[in-house]
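Colleague: Sequence:
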Amino acid sequence: MKKIGIIQCDEVDQELKIHHGDYPEMFLALLQHETFRFNYQVYRAFQENLPKNLHECDAYLITGSRYGVNEELSWIRSLEGFIQESSRMKKKMVGICFGHQLIAKALGGKVAKSPKGWGVGTSINTITRQKTWMLPELLEINMLVSHQDQVVEIPSDFEVIASNAHCPIYMTQFYDCFLTIQGHPEFSKAYTQALIEKRKSLLAHAYEPGLKSLELEVHNSVLARWIINFLLAN
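Read in order, the letters of the sequence shown are residues 1 to 234 in full-length UniProt numbering.
It is possible that some hints are incorrect.
Straight-line Cα separation of at most 25 Å, DSS-like style, residue types lysine-lysine; simulated pairs [as the list claims (entries may be wrong)]:
| no. | residue 1 | residue 2 |
| --- | --- | --- |
| 1 | Lys-52 | Lys-105 |
| 2 | Lys-131 | Lys-91 |
| 3 | Lys-200 | Lys-116 |
Everything labelled a hint here was simulated from the structure, so no lab data went into it. None of the values given here were measured: they were computed from a predicted structure.
Using the sequences and the accompanying hints, generate a full structural model.
Modeller: Structure (structure tokens):
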């Protein structure tokens with residue numbers, strides 16, 4: 001049984017945690033599957049806790065965060081070093097939102113605030129390159145989002161595999177090692193709505209369209225299957 005290290009980069013605010021759980025619980029719920037089970041180890045990276053040895057787990061998943069990858073925080077720089085070591089050792093890694101952005105930055109890409117402002121609610125993303133692990137197949141995949149920053153330049157040898165007008169570099173893959181996703185397959189619509197309401201004063205013109213977009217179908221279960229397929233692929 002494979003062991004997945006969840007690199008936790010933030011925690012849910014207490015008033016939301018009561019109803020929606022914390023980020024590790026969200027990912028555990030997402031990746032539970034009737035035919036396969038992972039073992040998990042949580043590392044609270046935002047409190048300076050990282051694996052002492054890369055081989056403690058078979059693969060790693062880096063969560064989202066309220067922090068920005070360009071902030072000069074010691075734990076973020078430490079995590080960048082961990083990502084670089086993972087790349088050298090060809091360790092499997094999945095990055096979600098902040099994780100997607102930090103992987104890009106650590107390996108030579110660039111991250112900046114979107115000129116289009118906040119991306120919140122449901123994003124509709126075109127699959128630009130079909131991969132063997134993308135089963136079941138979809139031409140478009142809908143995912144919940146909550147971000148200001150995004151990857152604007154990918155590192156060498158990364159390829160963009162999904163895109164949308166707001167965020168052209170939405171999903172990337174680096175050989176069979178790294179899969180990065182700007183969206184949040186672990187979020188529920190209820191949690192996303194709570195976040196939008198909590199951040200109403202910050203969102204400005206993105207608030208109403210963000211709420212309205214939650215009426216769209218999301219493909220969390222498909223993303224879960226894709227992530228599992230990617231982690232299990234040789």
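Colleague: Compare the structure with each hint and give your call.
Modeller: Evaluated hints:
1. Lys-52 / Lys-105: Within the cut-off at roughly 22 Å; holds.
2. Lys-131 / Lys-91: holds, 19 Å
3. Lys-200 / Lys-116: holds, 17 Å
Checked against the numbered hints given earlier, the structure satisfies every one of them.
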